[in-house]
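K.L.:
Please arrange chain B on chain A, whose structure you already have, making use of the hints.
Line by line, the protein sequences are chains A and B. Take the working numbering: the final residue in the first sequence is number 109, and no numbers are missing along the way. Take the working numbering: the final residue in the second sequence is number 143, and no numbers are missing along the way.
In case anyone wonders, no lab produced these hints; they're calculated from the structure. For each residue, glycine too, the CB sits at the ideal point set by N, CA and C. Just so you know, not all the hints are guaranteed correct.
Coverage of chain B stretches by chain A, computed from C-beta distances (three or more under 8 Å per stretch; other residues unrestricted) [claimed, not checked]:
hint : segment
1    : 20–26
2    : 34–40
3    : 69–75
4    : 83–89
5    : 124–131
Capping the alpha-carbon separation at 27 Å, the derived lysine-lysine pairs in DSSO-like fashion look like this [said to hold, decoys possible]:
hint : chain 1 : residue 1 : chain 2 : residue 2
6    : A       : 48        : B       : 63
7    : A       : 2         : B       : 36
8    : A       : 2         : A       : 48
9    : A       : 2         : B       : 73
10   : A       : 40        : A       : 30
11   : B       : 37        : B       : 73
12   : A       : 48        : B       : 35
13   : A       : 48        : B       : 36
14   : A       : 73        : A       : 6
15   : B       : 11        : A       : 2
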Amino acid sequence: MKIEIKTTNDILIITLEGSIDSQTAAEVQKTVLEASSDHKNVILELSKVGFVSSAGLRVLLMLYRQIKAKNGKVILVGVSEEISEVMSMTGFINFFEMVDTVDNALSAY
Amino acid sequence: MATQTQTITYKATLDVLEPIRELLTQTGQEVGLDKKKTYNLCLAVDEIATNVIRHGYSEAGIKDGEFNLIVAKSDNQLVVTIVDAGTPFNPLEHNVPTAEDLTIPLEERPIGGLGVLIARQSVDEFNYEFSGNRNRNIFIVNL
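Okay, chain A solo, but in the shape it has when bound:
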């Protein structure tokens, strides 16, 4: 799992690459939550994430809670059709804004 973190105009952009399963989720969750702790707005770039299990959904849930508590916003970028289907099956999809590119996400703030 590769994790890249940068900030643009005070918006945190986290780019993930790889699979988020129960083996990798703990590290992803720790890194993502720590990086987001002093930000209100977070963009999660997932276009190079090929697989997300329920362990990955839990990471999204924890991030959402942390940001929502600060009245911030999480935007997901490049979610694949397959992952989007699982988010829909579990009722996660209604709580996230999803766009195709980081530029579109940046202009949504």
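P.N.:
Structure of chain B alone, referenced to chain A:
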């Protein structure tokens, strides 16, 4: 064609999840399963294999556990079975979130409970059997 069966033994550790997904993706391609159904099969097996490794073996204090993955290909079905000797657990008797639960805002959602739901919904048929002191989680995908 007659049913072709392959059995692979894995250590009950989470680092086998990726090789299992790779094997199932390759098998899906061999039998002409489309991308989405292949992904969903990987997902279903991943969720149950995680439970087996984590709850069936690790939390039960069983060290050096192993489980088998049986992949059976026939003309019209791909059947994947996880056979393990961990704690007996029937996912079909496990309470899964209801449609109403899935509308609860994420702030108030209980964490967890989604894995079994995802596993059961991501294949055409999901079965569980317990025999010979083994759990058998059976995933059936129609071709």
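K.L.:
Take the hints in turn and mark each one as holding or not.
P.N.:
Consistency of the hints with the structure:
By the rule of at least three residues with a Cβ nearer than 8 Å to a Cβ of chain A, the coverage given for the segment 20–26 of chain B is violated, with 1 such residues. Against chain A, the segment 34–40 of chain B contributes 4 residues with a C-beta closer than 8 Å to a partner C-beta. That satisfies the three-residue criterion, and the hint holds. As drawn, the segment 69–75 of chain B meets chain A at 0 residues by the rule of a beta-carbon pair under 8 Å; below three, the given contact is violated. Residues of the segment 83–89 of chain B lying with their CB closer than 8 Å to a CB of chain A number 0, which falls below the three-residue condition for coverage.
Note: the segment 124–131 of chain B has 0 residues with beta-carbon separation from chain A under 8 Å; the three-residue rule is not met and the coverage is violated. For the proposed pair residue 48 of chain A and residue 63 of chain B, the alpha carbon gap of about 35 Å is over 27 Å, so the pair is violated. Distance hint between residue 2 of chain A and residue 36 of chain B is fulfilled; the C-alpha atoms sit about 24 Å from each other, no more than 27 Å. The suggested pairing of residue 2 of chain A with residue 48 of chain A holds, with an alpha-carbon distance near 10 Å, which does not exceed 27 Å.
At roughly 35 Å between alpha-carbon atoms, residue 2 of chain A and residue 73 of chain B are farther apart than 27 Å, so this suggested pair is violated. For the proposed pair residue 40 of chain A and residue 30 of chain A, the alpha carbon gap of about 17 Å is at most 27 Å, so the pair holds. The straight-line distance between the Cα atoms of residue 37 of chain B and residue 73 of chain B is roughly 15 Å, inside the 27 Å bound, and the hint therefore holds. Of the pairs offered as hints, the one joining residue 48 of chain A and residue 35 of chain B holds, with about 16 Å between alpha carbons and a cut-off of 27 Å not exceeded.
A hinted pair counts as satisfied when its Cα atoms are at most 27 Å apart, and residue 48 of chain A with residue 36 of chain B qualifies at roughly 17 Å. Between the alpha carbons of residue 73 of chain A and residue 6 of chain A the distance comes to roughly 17 Å, so the proposed pair stays at or under 27 Å and holds. Distance check on the hinted pair: residue 11 of chain B and residue 2 of chain A sit about 25 Å apart at the alpha-carbon level, within 27 Å; holds.
In this structure, the earlier hints numbered 1, 3, 4, 5, 6 and 9 are contradicted, and the remaining ones agree with it.
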